[in-house]
Amino acid sequence: MLKNEVARYVPDMLMIGASGSKIGKTRFACELLRTFSKQFSIDGVKVTTVRERNGTCPRGGAGCGVCGSLSGNYEIVEEHDVAGRKDTSKLLSAGARRVFWLRAHREHIQEGAVELEECRGFGNPCICESNTMRLVIEPGIFLMVTQGSTMKDSAREVLGFADRILTIEKDNLKFDLSTISFREGSWLIRERASAIILAGGKSTRMGSDKALLSINGVPLIRSALQQLSPSFSEVLISSATTSQYGFCGARVVPDSESNLGPIGGIATAMESAVNDVCFVVACDIPRISVRVLRKMFRALSGADGVVPTIKGKIEPLFAIYTKRMLPAIRKAIASGERRIRMVYPECQIRYVEIDDPIINLNTREEYRRYLEM
4 MLKNEVARYV PDMLMIGASG SKIGKTRFAC ELLRTFSKQF SIDGVKVTTV RERNGTCPRG
64 GAGCGVCGSL SGNYEIVEEH DVAGRKDTSK LLSAGARRVF WLRAHREHIQ EGAVELEECR
124 GFGNPCICES NTMRLVIEPG IFLMVTQGST MKDSAREVLG FADRILTIEK DNLKFDLSTI
184 SFREGSWLIR ERASAIILAG GKSTRMGSDK ALLSINGVPL IRSALQQLSP SFSEVLISSA
244 TTSQYGFCGA RVVPDSESNL GPIGGIATAM ESAVNDVCFV VACDIPRISV RVLRKMFRAL
304 SGADGVVPTI KGKIEPLFAI YTKRMLPAIR KAIASGERRI RMVYPECQIR YVEIDDPIIN
364 LNTREEYRRY LEM
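Basically the working numbering = 1-based index in the sequence shown + 3.
Take these hints with a grain of salt, some might be off.
To be verified - Here are the computed lysine to any residue pairs in the SDA-like style, where the Cα-Cα straight-line distance is at most 20 Å:
| id | residue 1 | residue 2 |
| --- | --- | --- |
| 1 | Lys334 | Ile352 |
| 2 | Lys314 | Ile362 |
| 3 | Lys334 | Glu260 |
| 4 | Lys298 | Leu162 |
| 5 | Lys177 | Ser24 |
| 6 | Lys316 | Val284 |
| 7 | Lys25 | Leu176 |
| 8 | Lys326 | Glu340 |
| 9 | Lys298 | Asp15 |
| 10 | Lys326 | Ile336 |
| 11 | Lys155 | Ile26 |
It is worth saying that the hints were derived from the structure and are not from the lab. As the structure is a computational prediction, the values presented were derived from the model and not from experiment.
Sequences are here, hints too, so could you generate the full structure?
Structural data, given as structure tokens:
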């Protein structure tokens, strides 16, 4: 991280990085702008990071002028020429409401990013082209465009932050734009994964079915479905019976055996899911953080599951599990085990520390306090 800065969360920004120069990053940004500018107002941003204050320009060579003409620590210019040949003009022509070009010395990219937000205003959707900006800003989505095996240093530095790596082959980038959406101030990307809402509990401490508790006039179970649908290709409800939550419109998977607790519902729903990757969430969690979801999916590569931790405490019912865990889960059930966490030593689990609290509503008092928040 530059100067030990903490990346600032900017969910209304979709950021595009690239493994090399002139491989189609701007073309892809323009395609996104043409698609989404028909639905809502959207800005464009081009970022040029200057790594050397003296000597040969690291990007365009002698005579380029991009780096040498930057006299201060950073500079922000708004593009107005819709018919020009520059990348910023192309973004404007593709449908951006406003387009800004930020040039900054690498060690001052954070300062430039802060002023850029002030220039474009907060809350307006934005598509930004940059690698280095990802070190100081955590966008709603970060897409990395690659071509061939060559990767420049700035791309390698942020590759681990990519929510999706897109490969260009023969100048063709295959990507389904319908997997991207913008809702409630945040860019979202739909994973080829199943979300499983656990709603088979007895709600003993609550005294009534927690899944039917109303938040702003919407039952918790329906709210969970609405929050998860844009981010998953399938959403299932794990329940004791198929009839209880039919009003939600999602497929309900009944427990194959009763009185097994959450682990039984997890096993049955995972076996029924169409995807190998499953996100499991308890129905009594009223707010599902997209930011946490993205962090968890970025950590999944090569692991059997991802479990978040908050100050060392694990959250087993807000976790990603893959079907590779099913043999260990079924073995645990057969031995009488009812806690999913007891399966972890048999699997490759990656733990991710998170800052956002995961709130559960287990009692009437917790429900009352949440409504007052």
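Structure-based check of all given hints:
1. Distance check on the hinted pair: Lys334 and Ile352 sit about 17 Å apart at the alpha-carbon level, within 20 Å; holds.
2. Restraint check for Lys314 and Ile362: the C-alpha separation of about 14 Å stays at or below 20 Å, so the hint holds.
3. The straight-line distance between the Cα atoms of Lys334 and Glu260 is roughly 15 Å, inside the 20 Å bound, and the hint therefore holds.
4. Taking the CA atoms of Lys298 and Leu162, the gap is about 13 Å. The hint holds against a cut of 20 Å.
5. In summary, the hint linking Lys177 to Ser24 is supported, as the alpha carbons are separated by about 19 Å, within the 20 Å threshold.
6. Simply put, Lys316 and Val284 have alpha-carbon atoms about 16 Å apart, close enough for the 20 Å limit, and the pair holds.
7. Taking the CA atoms of Lys25 and Leu176, the gap is near 14 Å; set against the 20 Å cutoff, the hint holds.
8. For a cut-off of 20 Å, the pair hint linking Lys326 to Glu340 stands: about 18 Å separates their Cα positions.
9. For a cut-off of 20 Å, the pair hint linking Lys298 to Asp15 stands: about 16 Å separates their Cα positions.
10. Of the pairs offered as hints, the one joining Lys326 and Ile336 holds, with about 15 Å between alpha carbons and a cut-off of 20 Å not exceeded.
11. Proximity of Lys155 to Ile26 is assessed by CA-CA distance (about 12 Å); at most 20 Å being required, the pair is judged to hold.
The structure meets every hint from the earlier list without exception.
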